[in-house]
Amino acid sequence: MGVRIQNTCLLLSLLMVACLTLSGCANNRIGNKEEVSMFRADLQHSGMYASKGPDQFNGVKWKFKTEGPVRSSPVILDGILYIGSDDQSVYAIEEESGTQKWSYKTRGAIKSSPAIAEETVYVYSDDGTIYALHLADGTMKWSYDTEVKDEIRDKVDYWKSSPAIADGVLYIGGGNNTFFAIDTATGTLLWKKSAALNDYTCESCPPPFLHSSPAVYDGVVFVGVAGYDVGKQVEPGTVIAFDKESGEQLWISDILNGAVDSSPVVDDKAIYVGMRNGGLQSLDRKTGKSIWKTNSIPYILASPALDQQTKTLYSGSSDSHELAAIDAETGEKKWSFKTEGPIHSSPATDGATIYGAGGNHNSDKNLGVIYALDAITGEEKWTFRTDANIYSSPALNNGILYIGSDDGNVYAIE
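Numbering-wise (the working numbering), the sequence shown opens with residue 981 and increments by one.
Think of the hints as simulated: they come from the structure by calculation, not from any bench.
Heads up, some of the hints might be wrong.
As the list claims (entries may be wrong) - DSSO-like cross-link-like pairs, simulated, lysine-lysine; straight-line CA separation at most 27 Å:
#1 1081 / 1041
#2 1269 / 1313
#3 1345 / 1043
Remember, it's a predicted structure, so these values are computed and weren't measured experimentally.
Turn these sequences into a full structure, and let the hints steer you where they fit.
This is how it looks when you write it as structure tokens:
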């Protein structure tokens, strides 16, 4: 136990020194060329990577074939990429060569993205179980059964919640309306809470569900909630803030214009969420009250990316077929790029380029398309097509873009 505390203290000291000396850390650009270890790059879910992506397309470095669609998003640590597949397996893949290091078979499809901490990779499977696997060889450390075996609600409900890890605790939405906090070392439940839709009642409706991935900031966990009223075709949503230590509900936002499937993005002032039928909304981080909302980019399933230096959000729409830049302080649209089809993937950025992905409705084959756009102007830098739609979100490391596709492949693009 003493060794663990000493190692933790040493790590914290090193991180403090790094934050004081590296401009990337000082600028809130989480991650570096060696480490990208959770969904959306950091606990704030900014989608902002310190490591650059490919500024121009130089080809496919490698692709790795799984036995099912890949809707999970990659995370990278120490030269190894970790990702799940609908073939029920989580894979560890050599970042340089694309060769498999190990795989672990669960009992359900993996539509969640892994998280890494303390020499362990954590992944949530459609079998309702959270698995903690040893980073070195993929053997199981522990598992936790959430007892949630919820089915995908409808045809546009593509993902499950991805774990966020902070201070030795794993936070995740288990589906249905239950949110969990689990000790990462032992797999012991610390607390769980039920979600609700503020001031919304519907006796015939199914309970709200939590497929949003939680963001963590300043001692608070933020998660989106989605409701679905089959009879009225209403999709109410809300955002809930929990104290990360006790699980106490700090606030719940008013009913939003649409269900929140996407994961919240948070900075020092606000939370930003995309909604079905409801566009993009900014909420006060401390109260949950609305700051602004815009329907200029409608029907958002995935999470926006946030550049805190330029105060710009980047988001894609599944209905209007566009990638857009939005002023984070006002909600005004800065630019828009028309895509070939719906954008289901959460964009990533390195500050200079925006990387988004989705489908191509102009093709009988419904190909997947990856877009690289200039962050300032929205002008196209390059595109690349896969053999099927893309729901996975890109990760950037060492000048390479990594992403999964429904064609069953994981791609490394340089």
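Consistency of the hints with the structure:
With a C-alpha separation of about 18 Å, the suggested pair residue 1081 and residue 1041 falls inside the 27 Å cut-off, and the hint holds. At roughly 21 Å between alpha-carbon atoms, residue 1269 and residue 1313 fall within 27 Å of each other, so this suggested pair holds. A distance of roughly 20 Å separates the Cα atoms of residue 1345 and residue 1043; the hinted pair therefore holds under the 27 Å criterion.
The structure meets every hint from the earlier list without exception.
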